[in-house]
Amino acid sequence: MVAFIKSKAFALAGVLLVAGCAGSWQTNYDTSVSSSVSKNWRFTSVDVQVPDSLTTSEENSLTPNYDIIWQEEPLGNSTRHAQVDTIMTEAAKKGVAGLRGSQPVKLVIVQKEFHALTKAARYGQNWGGVHNISFTAQVFDSRGNPLTEPEMIQADLVALTGARAVEAESRGITQRKRIVEHVSKVIAGWLGATSEDRRTRFSQVGR
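FYI, in mature numbering (1 follows the signal peptide of the UniProt record, and there is no 0) the residues of the sequence shown are -24 to -1, 1 to 183.
No wet-lab data here; the hints were simulated from the structure.
Careful, some of the hints might be misleading.
What the hints assert, rightly or not - Below, in silico cross-link-like pairs of lysine-lysine (DSSO-like), each with a Cα-Cα straight-line distance of 27 Å or less:
#, residue 1, residue 2
1, Lys161, Lys69
2, Lys15, Lys82
3, Lys161, Lys15
4, Lys15, Lys95
5, Lys69, Lys82
6, Lys82, Lys95
7, Lys95, Lys153
8, Lys70, Lys161
9, Lys153, Lys82
10, Lys69, Lys15
11, Lys88, Lys153
12, Lys161, Lys88
13, Lys15, Lys70
14, Lys70, Lys88
15, Lys88, Lys69
16, Lys153, Lys70
17, Lys161, Lys82
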């Protein structure tokens, strides 16, 4: 009986902890690039910068307070900063792929936050979760002259947790796959490379 009570109390504490982090999230940017301008661009380079100053941890709690949380892939001989670089580079290249104009340009992304779910948050609860992703994006010409101002882009995404996460993974839909797909569409929308506008606000339990 004592063990049962402790278990129930722990579960309730977890619910209250996560519920206390409920809030409003968004995918947003202030100014998009006109398609009449970007249609002339052809991206020959994508440079993703993940500053060493961004904090990270392998802490497996529900809401660790760090800039980078990425635990889906083994750490191995890499670093979490390098893994985020790889993921964001893949997303950015996919996002600019639709622009095939004559002017060669470069996209520079500076990461501000990449906070996915810990294993505890992904598999240990069904209440909610958010992938917090933010970065600045700027386009330069082949000589390094800026063609846009640095644009702050928030690309938050509702995360899958519990049974939904397990079911999605059984179909090959991982956190990485969903993040790459989402961020690529956000970048394409900002660049005017697509008519799809991913900007939205949503309420969800999350960090």
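Each hint, compared with the structure:
no., hint, in the structure
1, Lys161 x Lys69, "holds, 11 Å"
2, Lys15 x Lys82, "holds, 14 Å"
3, Lys161 x Lys15, "holds, 16 Å"
4, Lys15 x Lys95, "violated, 41 Å"
5, Lys69 x Lys82, "holds, 11 Å"
6, Lys82 x Lys95, "violated, 36 Å"
7, Lys95 x Lys153, "holds, 17 Å"
8, Lys70 x Lys161, "holds, 8 Å"
9, Lys153 x Lys82, "holds, 24 Å"
10, Lys69 x Lys15, "holds, 16 Å"
11, Lys88 x Lys153, "holds, 20 Å"
12, Lys161 x Lys88, "holds, 19 Å"
13, Lys15 x Lys70, "holds, 16 Å"
14, Lys70 x Lys88, "holds, 20 Å"
15, Lys88 x Lys69, "holds, 19 Å"
16, Lys153 x Lys70, "holds, 12 Å"
17, Lys161 x Lys82, "holds, 18 Å"
Hint compliance for this structure: hints 4, 6 are broken, all remaining hints hold.
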